[in-house]
Amino acid sequence: MTKLYGEIYRKQGRFVYARVGRKQFMRVMENARKKTGGRISSISGRDAGKSMEILYTFITGEHVVNIKVEVDRRKPVIESVSKLFPAASLYERETYEMLGVLFEGNEELENILLDSKLSPRFPLRKEDKHGKG
Amino acid sequence: MAKDNERREKLCYTLPLGPQHPMYVEAENLMVRVDGETITGVEVNIGYMHRGIEELMQRKNYLQGIFLAERICGICSGIHSVTYCEAVENALGIEIPERAKYIRTITLELERLHSHFLFLGVMAYELGLDTGFMYTWRDREHVMDMLETLSGNRVNYGIPTIGGVRRDLPAGEIPGMLKRLEHLRKRAEHYVILFSSDALVRKRTLGKGNLPKGKANSHSIVGPVARASGVNTDIRRDLPYLLYDELEWNVVTRMEGDVQARVMVKAYEIFESISILKQCLNRISRTTPELKTKTSLFVKENEGMSITEAPRGELVYYLVSNGTDRPERMRIRTPTFTNVPSALPIILKGEQLADLPVIVGSVDPCFSCCDRVTIVDERTGESRGVDEAFLRKLGEENGD
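Top to bottom, those sequences are chains A and B. Take 1 as the starting number for the first sequence in this note's numbering and just add one per residue. Take 1001 as the starting number for the second sequence in this note's numbering and just add one per residue.
Simulated from the structure, these hints should not be mistaken for laboratory data. Beta carbons are placed, not taken as given, at the ideal position from N, Cα and C, and that holds for glycine. Each hint can be trusted.
Here are the computed distance ranges between Cβ atoms for each label pair:
no.: 1; chain 1: A; residue 1: GLU107; chain 2: B; residue 2: THR1287; range: 51 to 61 Å
no.: 2; chain 1: A; residue 1: ALA48; chain 2: B; residue 2: GLY1041; range: 31 to 41 Å
no.: 3; chain 1: B; residue 1: ASN1045; chain 2: A; residue 2: ARG19; range: 33 to 43 Å
Dumping the calculated DSBU-like pairs for lysine-lysine here, alpha-carbon to alpha-carbon at most 35 Å:
no.: 4; chain 1: A; residue 1: LYS35; chain 2: B; residue 2: LYS1213
no.: 5; chain 1: B; residue 1: LYS1060; chain 2: A; residue 2: LYS11
no.: 6; chain 1: A; residue 1: LYS11; chain 2: B; residue 2: LYS1213
no.: 7; chain 1: B; residue 1: LYS1300; chain 2: A; residue 2: LYS68
no.: 8; chain 1: A; residue 1: LYS126; chain 2: B; residue 2: LYS1294
no.: 9; chain 1: B; residue 1: LYS1294; chain 2: A; residue 2: LYS11
no.: 10; chain 1: A; residue 1: LYS11; chain 2: B; residue 2: LYS1215
no.: 11; chain 1: A; residue 1: LYS75; chain 2: B; residue 2: LYS1300
One chain only, chain B, in its complex shape:
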């Protein structure tokens, strides 16, 4: 009895999750302070994926920079390259042809679709629904096939260039794409039902990881995470670019701010993306065949800016040009940089450790692997590392 009580005596741990951890995709570090099973605080340490891209862009010409921008993120490669091109076109003061706008819009919305299906799959996986993960990623393959038809590649499409796009969409592909989109719309209805009505999913997502609207506003949270907390913001509507002000679509918001709300926002955005894509595919035949505005790649001394809505939120590119074919300065502000360090400490505090993967996954970041445990006695400040012998002893004591 006395021993049981001893075991139950709570110690405050700091668990380092990252930079290597199986539950994550990329390398980040969360220092999670726990009291028993309850999370009392989180410190987010980023930078493990830092590759010096802003510096590297100053050493590449504007054409090379497009392909560098694409490779910042594997899921959002299209939006990075389009936003980069738009910043340069803004500095050049040129407009791209209408057909190029359609092709860029189609590429970006296909990318949003694949990213959102990927997110639903990751959420299903974190909830333990491996079959849900398989189904969503199987449906995502339709989107990848369409992207491959359009660009020749599943990731890093190489579609935009300065002044327009590099490849055309063959008219013969459009009926097949419309059929696939209709299939995806029906599958998305199924996932809305799964994530909103399944008892296990509701138990683990309703009321978890709450982000109040006031905090989302004060911390400038962007994208679907902000919209799930009632912040009515979408760059496609607020500061329209490409064709978004000419098409009919809706901004999806929820008020609850929990994991369920973040999942539902992305699930319903799938329908909006499909609607945008259908409108574009039905109208593109009315455009002239011109794909590109001819332009010099030597950009006069100027500033250019472009702000777009990536699948994870607002993406900002700011360019300072100096008359050469290379940027003087290229500043890139990604949505995850804004969301993750600010939102995670708020939404994880007070939650159970077992809910951490689901809550972190709902913010849709990129994370990776793990370290060993450091035990910190928060009462005395004393810390010690944990080695294999200690863990083996713990297991033997607990009869594992």
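Excised from the complex, chain A in its bound form:
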């Protein structure tokens, strides 16, 4: 599993968490799709302070593999997987509008939930918070 998904850093029952470098990311996703026939279930973005963490939840028959990639916060760009997994386009759009991560190759990259004129820009970034409740 390590060869397929990168560096596995946690296993919790059927959930596996793996870390992948930015440069190996697309190769890992292509191999995972080819060898397991699995699907992308969700893409979660998180503002981790110094970087943006993007988590790809990949479901195979037996496991849920969460592949984590970190991108530079000042230039949050990563290749889109929407050509491999058409459903990923929706999740990439949501991650883009909430956190400002650019997915290169996604031709539909625009807001999906928020109004582009009325809503705050990238609301899930920490700097946009107006103080915790």
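Knowing the structure of chain A, use the given hints to seat chain B on it.
Chain B in isolation, oriented as in the chain A frame:
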């Protein structure tokens, strides 16, 4: 004659359906391109119901988050709160007591029952069978009564908590519940016959809104919509949680991928849910009375995930904890978010406009109301709005 020909000359319209429309329950927008009566394309615009829940959850502690999760959806409130609790319990690394698993399973399957009866009623209504709508929702009241017995409420049950459940199921209620379930099973047989053999229903559902299996796979369609297209997937079997790997039940699939198949999948899932409920109700007396595992609500730095099968499909919760009593990040991916923007453009293309409510209803989304018409001449790109004077003139010309 010349005038008739003029009238028959096809114009390509873009009809905005939503965000306010009487045929829908919640606010969404479909931009439907039509050529005469035939739908040539659909663009789905979502986000009118966006309430910033993921952001709000970061400002609430884990207990408050349960009640927030419940209120994401009125029909699936139970599955949201259970999935949320399971994600937190996954991050905490705790197991819940067996009796709590039974009560959670019973709550979730009762919720699936009420959601599926609601769906059958909505389908009957969209088909013009108002009596069918009344009958199915009358039978659904048995499920609502059982949920009220269990939780004190018909919606937003407040049953799960971190580590277990908040309320017990009184043993004295079980015989009454089993009786109601047997009644519901007989009523479900009647609805299977109605939806599969009635000539009007067959005419309007067979071969309509086809979703091929290949498209369902490539677009990661989930839930009953995927199962109706031959995709053999159910999180309860594939990635079992609670008691689903200990109980006997079947995954219901169909190969046709049309409206009829989607209705039949949900109708037959009613029988499977009733079977699961009967098994749980017959076995729960063997469990110890413990309802909750005591735990701190300060979750160490960790990640937690939970994936469950909501009535509409796969539901994913992903949590990042930071040592406090509030989540650092809570990501929620609902089945409708996956299904509706992907499936609707595929299943509506080439269909007749009059079949739109039935086809959209068969995907079981949440939608709402309407806007005015914009006429777009797709040949020239010119567009103009339609006002009341124009509509009145059209009506007078056509003798309405």
